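Asker: Could you slot chain B onto chain A? The hints should help.
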Amino acid sequence: MNLNLPAFLLQTALLLLLSPLVTGCIRNWKAKLQNRRGPRVWQPYFDLAKCLRKDRVISEHASWIFSAAPCVLFFSSLLAGLMTPLVTTSPPLSLFGDALAVVGLLALGRFFLALGGLDPASAFGGMGSSREMSIAAVAEPALMLSIFTVAIGAGSTDLGRIVTVAQGPGWQLLAPAHLMAFAALFVVLLAETGRIPVDNPATHLELTMIHEAMLLEYSGRDLALMEWGASVKQLVLMAILSNIFVPIGLATGHSISDLALGLAVFVAKILLLSAGVVLVETVNAKLRLFRVPDLLSAAFVLATLALFSTFLFGIK
Amino acid sequence: MNTDALSSAIASQLVMLFAALMLVLQLLLVAQQMLLVAVRLYALQSLMLTAIAGVVAYYYNAPHVYIVAVLTLAGKVVFLPWLLNRIVRDIKIHKEVEPLLNAATSTLICLGLAVLGFIVARPFTTLERLGSNTLAIAVTLLLTGFFLMFNRRKAITQVLALLTVENGIMLAAIALTSYGMPLVVEIGIFFDVLVAVMVLGILVYRIRESFDSVDTAKLTRLKG
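Top to bottom, those sequences are chains A and B.
If you want the numbering used here, it's the position in the first sequence, counting the first as 1, plus 70.
If you want the numbering used here, it's the position in the second sequence, counting the first as 1, plus 360.
Think of the hints as simulated: they come from the structure by calculation, not from any bench.
Note that this is a predicted model, so its numbers are computed, not measured.
Careful, some of the hints might be misleading.
No more than 30 angstroms apart at the CA atoms, straight line, and that leaves these computed lysine-lysine pairs for DSS-like [unchecked claim]: (1) B:Lys452 to B:Lys578; (2) A:Lys102 to A:Lys120; (3) A:Lys356 to B:Lys455; (4) A:Lys102 to A:Lys339; (5) B:Lys578 to B:Lys455; (6) B:Lys452 to A:Lys356.
Chain A on its own, in the form it takes in the complex:
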């Protein structure tokens, strides 16, 4: 098994091109549900293109970390995406890392995002970073535990292997452990992508923003990389959630028809999941910041219970 260059390039292109679309769909559908017309589905592409063309303004107090953070965030998300099975069961970089590496890369991106918020010494950025880290401290264990729950069933932490086992016979889709892990991972998805019960992606209100607070000082192509990296990360998490728990239609071979079918099913699953996120965002109010740990600790408890029930109920 060596590096498959076409697969590598194709998956990179898919990650980069599909992720703004997902963000755009979520924004558009959310607006529709609230009886607004909303921005067009492909608006994020235009935003990115515009930001990439523009000059950037950097605070004179900022150090090199400020400029490095967007690149680190962008490339760590992209690398994590290349280790995640999207369309085929064998992701191009699966040789280089498993689920732990994916979680670690996402954590690295978040670390630099928080540093980038702190670096220009603006009050809002620091506040956003501190909030982001305190939420991540609870969300990350829940993410790990839910992935471990399925990893135990598959006997491997390799995401490609997990998906392959999940496609085989004897995999119980409705096992309680899987349902609990799915629910926990969904809450983690909402928290990590800054969705409404945890963070409001559409606000610039000082008291409530988390993700936006860290991006306040960024402009030009740095902002574009930050936004793009965040949407790639969102796509990666969604892919993990949908492909591990609903491993339908992933291509096992490399023939064109397999890949086309896999791509169609993948896009359908991601859009369906986005619709779920939109529904949750629309029917829920944003939680008070001090109530967020309650929600996340519920996710953590669910994930732990899921892990324990794999031993109790003996999946496989």
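Answerer: Just chain B now, kept in the frame of chain A:
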């Protein structure tokens, strides 16, 4: 795989699924502060119990378990929640002001209790029988029910906690014994709970009348 083995596999998966949902609902109940929502969660939990009874009755073809299912449905999904709803509306207290421990801490403690329940029940779960694994969840419901009872101050929530404990016992009774317990025992337990809740309901009214509150922490002094 023949149809018998298949139906057995499906039945045990369904029982496990519903039992796990009962546990999840219990945890939501522990984190919940609004009394009306808590009552609704309890009703849902009882509905899961009804579903388990239905599956067990169908699988073993045992008519008296159907009766238990119907009784559970009528009593614990419809009647008791309705009664508790009425009490909550009458005493006009909709929110548990402050539990002794906050939601995050109490869910974590319940996680510990669940792990304890799982460990305790582990030696008994190797039996290759329908729903034998639900013992762990029954024990957990029992433990978390007791925890809920002393974590809350309002008499209503304490009644709810008692009811979830009883749900745990019923779960063990239905899913663990091969045909459920004898009907007489089931009906006995059922009416015990029914009467207990009605008496407790009246007691809640009385507490409120004489103390202007349903906070049981205030019941430390005798009033003349």
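Asker: With reference to the structure, classify each hint as holding or not holding.
Answerer: Taking the hints in turn, this is what the structure says about them:
no. : hint                 : verdict
1   : B:Lys452 to B:Lys578 : 18 angstroms, holds
2   : A:Lys102 to A:Lys120 : 25 angstroms, holds
3   : A:Lys356 to B:Lys455 : 20 angstroms, holds
4   : A:Lys102 to A:Lys339 : 20 angstroms, holds
5   : B:Lys578 to B:Lys455 : 17 angstroms, holds
6   : B:Lys452 to A:Lys356 : 27 angstroms, holds
Violated hints: none; the structure is consistent with every hint.
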